[in-house]
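K.L.:
Put together the whole structure using the sequences plus the hints.
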Amino acid sequence: MKKTLFIAFLSIAFSTTLVAQEISDKSIGLRLGDNSGLGGEVSYQHKLNDVNRLEVNLGLRNNSTVNSYKLTGVYQWVWALENKFNWYAGFGGGIGSWKIKATDTSSTSLFAAGNVGIEYNFDEPFLISLDIRPEFGFNDAYDGLNTDIALGLRYQF
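Start counting the sequence shown at 223; every next residue gets the next number (the numbering used here).
Source of the hints: derived by calculation from the structure; they are not laboratory data. Note that the structure is a prediction, hence the values are computed from the model and not measured. Some hints here could point you the wrong way.
[Claimed, not checked] SDA-like cross-link-like pairs, simulated, lysine to any residue; straight-line CA separation at most 20 Å:
#1 K269 - F307
#2 K306 - G262
#3 K248 - K321
#4 K321 - K269
[What the hints assert, rightly or not] Quick list of simulated restraints, FRET-style, between CB atoms:
#5 W309 - T287: 34 to 42 Å
#6 D247 - V288: 32 to 40 Å
#7 T327 - T369: 22 to 30 Å
#8 E346 - A324: 20 to 28 Å
#9 I322 - Y342: 38 to 46 Å
#10 D247 - I322: 36 to 44 Å
#11 E244 - G366: 32 to 40 Å
#12 D326 - L352: 34 to 42 Å
Note that CB positions come from ideal geometry on N, CA and C, so glycine has one too.
P.N.:
Structure, rendered in structure tokens:
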């Protein structure tokens, strides 16, 4: 039974790898969500091989009440759906820092992140995506489960 499950697992893994769509070498743009109160993020994707890429996002906020940043890195697997549609999933983590100006208190937090989404590659070098990124924080300022849904707009090169 174990051998049968192992062979089935390998068959599925190889078949999903074989239908993977071409991933752009690099892309840069915006990931527009609430980002746990930071708003949009600058987003960069870098191809690692035919089916994997690394995505790095940086969110910044500096207004009259708070000065903060959040840096997230996610390792992703990309699979072809149909035509120019792909779906992707990944995991990673990040670091964030929040400083409240009125009380002059600050906090730094580490978090783990997952990522699942769908994307469309246009004929021009543009990519649009919709994803959800659940995050689990390990600090009082950013504790427990937080979820971010975002629209991504990126230029591929």
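K.L.:
Hint by hint, note whether the structure agrees.
P.N.:
Here's how the hints hold up against the structure:
Taking the CA atoms of K269 and F307, the gap is near 17 Å; set against the 20 Å cutoff, the hint holds. A hinted pair counts as satisfied when its Cα atoms are at most 20 Å apart, and K306 with G262 does not qualify at roughly 25 Å. In summary, the hint linking K248 to K321 is not supported, as the alpha carbons are separated by about 33 Å, beyond the 20 Å threshold. Between K321 and K269 the alpha-carbon distance is near 34 Å, which puts this suggested pair outside the 20 Å criterion.
One distance hint, 34 to 42 Å for the beta-carbon pair W309 and T287, holds here, with the actual separation near 38 Å. Range check, D247 to V288: about 36 Å between beta-carbon atoms, so the 32 to 40 Å window is met. Distance hint check: the CB atoms of T327 and T369 are about 25 Å apart, consistent with the given range 22 to 30 Å. A hinted range of 20 to 28 Å is violated for the C-beta pair E346 and A324, which are about 46 Å apart.
Separation of I322 from Y342 is about 39 Å and conforms to the stated range, judged on CB atoms against 38 to 46 Å. For the pair D247 and I322, the beta carbons lie near 40 Å from each other, so the given range of 36 to 44 Å is met. A beta carbon spacing of about 38 Å between E244 and G366 agrees with the range 32 to 40 Å that was offered as a hint. Taking 34 to 42 Å as the suggested C-beta distance range, the pair D326 and L352 conforms, at roughly 38 Å.
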